[in-house]
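K.L.:
Take a look at the letters that make up each chain.
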Amino acid sequence: MIRDIGAQRILNVDLSTGKTWLEEVDREDLFLFLGGRGINAKLLYERVPRGIDPLGPDNLLIFGPGTLTGTSAPSSGRTSVTCKGPATGLYLKVSVGGHLGAELKYAGYDYVVIHSAADDPAYLWIDDGSVEIRDARHLWGLGTRETDRLIREELGDDEIEVGLIGPAGENGVLFSCIIFSLYNSASRGGIGAVMGSKNLKAIAARGTGGLRLAGGEGFSKLALRTRQELSEDAGSDSLYRWGTSGSIPPLNELGMLAAYNFSQVTIDDAEKISGQYLEDEGYLTGRESCFSCSTACHRFVRTKEHRYGVVRDSGPELETMLSLGAECGIVDTEAVIKSNQLCNDYGLDVISAGHVISWAMECYEKGLLQGERADGLDLRFGNAESQLELIRRIARREGLLGDLLANGTRQAAEEVGGDSWKWAIQAKGLEQSACDTRAAKSYALAFAVNPRGPDHLMTECYAEFGVTEEARALIEKITGDEKYADATMLHKRSDIVRWHEDCYAATDALGFCAFTSTAAYAVNPENMARLFSLAMGIELSEEELMIAGRRIVTLERCFNAREGARREDDTLPWRMMNEPVQEGANEGLVTDKDTLDRLLDEYYEMHGWDPRSGIPLAETLNTLGLLDLCKDIEMG
Amino acid sequence: MPEITLRLFGFGSRASGFDTELRSVAAGTTVRKLWEELRSSADDTELLARIDERNVVFLLNGTLIHQQETNHTVLKDGDTVTYMVLAMGGQCY
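As you go down the protein sequences, you meet chains E and Z in turn.
For the first sequence, our numbering assigns the number 303 to the initial residue and increments by one for each residue that follows.
For the second sequence, our numbering assigns the number 350 to the initial residue and increments by one for each residue that follows.
A hint or two may mislead.
[Stated by the list, open to error] Straight-line C-alpha distance at most 27 Å; calculated DSS-like pairs for lysine-lysine:
| no. | chain 1 | residue 1 | chain 2 | residue 2 |
| --- | --- | --- | --- | --- |
| 1 | Z | K382 | E | K785 |
| 2 | Z | K425 | E | K785 |
| 3 | Z | K382 | Z | K425 |
I should point out that these hints are in silico values taken from the structure, not numbers from a laboratory.
Here chain E stands alone, though its shape is the one from the complex (with noise of 0.2 Å):
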């Protein structure tokens, strides 16, 4: 089946009584919303009411294509999924790329909405137009590689695409994730257990129609030229050599790489850790790209050494090189491929993993987790044998400290406690990504009002830092001056985390890939605009874009208001605020409680938000129609 672009289909499937049913998306939702990420916040705004339990039948699982997925839009193969978040108790949304989105959308459905819970394991399989809800008690338990082979196996079609779990998901570990086309993660916050929840092992998918635009040939052309400049951009030859771990050398060399729990900004031999050092000595094995993407920047690894058997897998990416590696000490390339590995295996989040085990060999070094507690194992930063078996154990809730863990860092560091919470780097229950708040005033601000947490995968202000000519360009068309891609500088940060949280949001709404239009550049507002425009046929300007992303992050901000979300969660972990950087150039930086204030006032009065509550006023709800929308919140 051939279908419009813009008549989107919201396929609903209620797993307690195998009923399914099609809805149609509000063309004019589709302007206000842009689609994918934006259209997935309305239905949870909508349809999941206040105080439910993330993990209970009530919270509802939406998967979301972006509006541009499955066209030939560059890097535009992205999925938004969004849900009650298990880990903060807050509005949850994760992005991932591969391919499964847009065979949902050759499937004929742009959003997939699952409700309620099967009573034994299941998992979904859209075949076109045939929707079945099938018995899954024989992938229960098992690892994500082997459900996505057996389940190809089982539908006798190995082109299909998949979005799965694995152990810890079905554990309801708080951190564990849902696995696209095998090698690609919707990883943060505990999406995965939503899932597990739900007794939903897997969604897999077939589709043979497509998607019929309205200004077809000047969208193809416009989408051929920002490919090309996509590839021009000084930023994508890096991310297609080395991947995203070829970051980890200039950070270190920048003393701004997260080290030893974020106690250390740099590390002897972090190249060893690198995207470089795997080309340079052979563990790169292959590259490849999402659905539409020209830059290629996943890669294929295999070990050497085989000091942990013969182990091929994807990536690893700059995070769990340091989350999985200088976070816990170890900077050993074949142990972090290996715990890449397993996190992939068992549905892990690494970049939470990571933090989990690194929190847990600070408190073992600092004697709070030791003899019983720590299960017998030596949890001394370094120990690449303990950082795998506590993998193992926290996919299955094993033994008092793999269940301990499994719940996150800042559960974790409750029942543990003593001074432990102090170097839990969570906040609202979320583990920070592996950047220097202290130093990166722009991040500082993003992560403190990132509706899920303390992460880049909301907001990516990577042009603050001014490294490339387009950085620099992008800083001074939102500041009016380039002088301010200096990342260490409080003035106009306000400026940059809102124009980029509005980008973001549209991006992630049109299914493209972040890299594009908040690392590099090519994809910028003006060009998704333009691709909207032709696509719909009908014209959407560059402001109005941004003005949608706006709406997204803002309705995003009334469904954390009405769950009780205030100002004072608007925090980043206490090591970033209370423990200046110790050594290098950004030696005694820190993002103190005043600073963080300082930027929290001007950011909030920027958006129109009370700056008591941090809630949208009236009048900005009014601004953006989303008055009606959220008059159950408590406005300011």
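Position chain Z against the provided structure of chain E, taking the given hints into account.
P.N.:
Chain Z in isolation, oriented as in the chain E frame:
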């Protein structure tokens, strides 16, 4: 003559290699001038001579120096100047 530490990353035969050396530079040498000297003394086949300058990151004592500032950033005794092949991704840099 100021004595500085020169660090080059990614310009040798290995993408992951650092080359570090102590070097004396003429008084008044800027980050830019040293870079140009390095390029002009490199063999045409070397990456150092061929690389598009947009793909180079300049650091002085661990701090990023934007390319337009390299002209008036004078090297002092004890400085560490680093020239790196650009790499990005994941998150901040």
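K.L.:
Compare the structure with each hint and give your call.
P.N.:
Cross-check of the supplied hints:
This hinted pair checks out: Z:K382 and E:K785 have alpha carbons roughly 22 Å apart, not beyond 27 Å. Between the alpha carbons of Z:K425 and E:K785 the distance comes to roughly 24 Å, so the proposed pair stays at or under 27 Å and holds. The straight-line distance between the Cα atoms of Z:K382 and Z:K425 is roughly 13 Å, inside the 27 Å bound, and the hint therefore holds.
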